[in-house]
Amino acid sequence: MDYKQCLLMLFFLKYQFSLCSILYELRPPIFTMSKQDFRQIYFYEFKLGRSAAQTARNINVVWGEGSISECTVQRWFQKFRVGDFDLEDKEGRGRPSVVDHDHLRALVEDNPRKTTRDIAREVSVDHSTVVQPSRTNW
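Reminder that position 136 of the sequence shown reads as 136 in the UniProt record's numbering, one-by-one numbering, no gaps.
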């Protein structure tokens, strides 16, 4: 450890800066967190014995206000309390899709100029299903 690093460490120890403020300053300028990344932080904070409120505050300090809600952290902490430590999304969450995504994609690729309303009529779905492809998992 060089002299500069030693002084920096003493400064942080002396003034007892929180880990969150240190991480905020050291965060990469362009970095996005996935749901899975946040869930790992929830689990880590849970294992440290922190409250859901404190965890939400810490994450929002580091990753920006509104990154996650306290309610989300509370839901995950409740799962951990009952012994469910699976951080993956459960299958079957949400309304099941009635659209053949491959067929829908093929229609768009065959004629990119076709309107979403025309495509929706052709596959007998509401046009919002075609307009919002992220909701149809393609």
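Hints in this document: simulated from the structure, not taken from any laboratory.
Keep in mind that a hint or two might mislead.
Beta-carbon label-pair distances, calculated as ranges [as the list claims (entries may be wrong)]:
1. 65 <-> 112: 34 to 42 Å
2. 43 <-> 116: 18 to 26 Å
3. 40 <-> 111: 22 to 30 Å
4. 110 <-> 84: 42 to 50 Å
5. 87 <-> 122: 35 to 43 Å
6. 37 <-> 113: 16 to 24 Å
7. 114 <-> 48: 33 to 41 Å
8. 71 <-> 37: 15 to 23 Å
9. 124 <-> 91: 21 to 29 Å
10. 54 <-> 121: 19 to 27 Å
11. 44 <-> 90: 37 to 45 Å
12. 47 <-> 90: 36 to 44 Å
13. 127 <-> 87: 34 to 42 Å
Using 35 Å as the maximum straight-line C-alpha spacing, the simulated DSBU-like pairs for lysine-lysine come out as follows [to be verified]:
14. 35 <-> 79
15. 79 <-> 90
16. 114 <-> 79
17. 47 <-> 35
18. 47 <-> 79
19. 47 <-> 114
The beta-carbon is built from N, C-alpha and C at its ideal position, and this holds for glycine as well.
(request) For residue 114 and residue 48, compare the CB-CB distance with the range 33 to 41 Å and indicate the outcome. (result) violated, 54 Å
(request) Would you check the hint for residue 114 and residue 79, treating anything up to 35 Å between C-alpha atoms as holding? (result) violated, 46 Å
(request) With respect to the beta-carbon atoms only, verify the hint that residue 37 and residue 113 lie 16 to 24 Å apart. (result) Since residue 37 and residue 113 have Cβ atoms about 39 Å apart, the given range 16 to 24 Å is violated.
(message) For the hint 34 to 42 Å, verify it against the beta carbon of residue 127 and that of residue 87.
(response) holds, 35 Å
(request) Just tell me: holds or violated, for the beta carbon distance of residue 124 and residue 91 against 21 to 29 Å? (result) holds, 26 Å
(request) Please test the hint of 42 to 50 Å on the beta carbon pair from residue 110 and residue 84. (result) holds, 44 Å
(request) Using the beta carbons of residue 65 and residue 112, state whether their distance is inside 34 to 42 Å or not. (result) Once the Cβ atoms are compared, 39 Å apart, the range 34 to 42 Å for residue 112 and residue 65 holds.
(message) Verify the CB-CB distance for residue 43 and residue 116 against the hinted window 18 to 26 Å.
(response) Taking Cβ atoms as reference, residue 43 and residue 116 lie about 40 Å apart, which means the hint is violated.
(message) So if I understand the rule, the pair passes when the alpha-carbon distance is 35 Å or less; does residue 47 with residue 35 pass?
(response) Holds, at about 18 Å.
(request) Using the beta carbons of residue 87 and residue 122, state whether their distance is inside 35 to 43 Å or not. (result) Taking Cβ atoms as reference, residue 87 and residue 122 lie about 39 Å apart, which means the hint holds.
(request) Go ahead and decide if the range 22 to 30 Å is satisfied by the Cβ distance of residue 40 to residue 111. (result) violated, 43 Å
(request) For the range 37 to 45 Å, tell me whether the beta carbons of residue 44 and residue 90 fit it or not. (result) violated, 21 Å
Hint check: violations occur at hints 2, 3, 6, 7, 10, 11, 12, 16 and 19; the rest are consistent with the structure.
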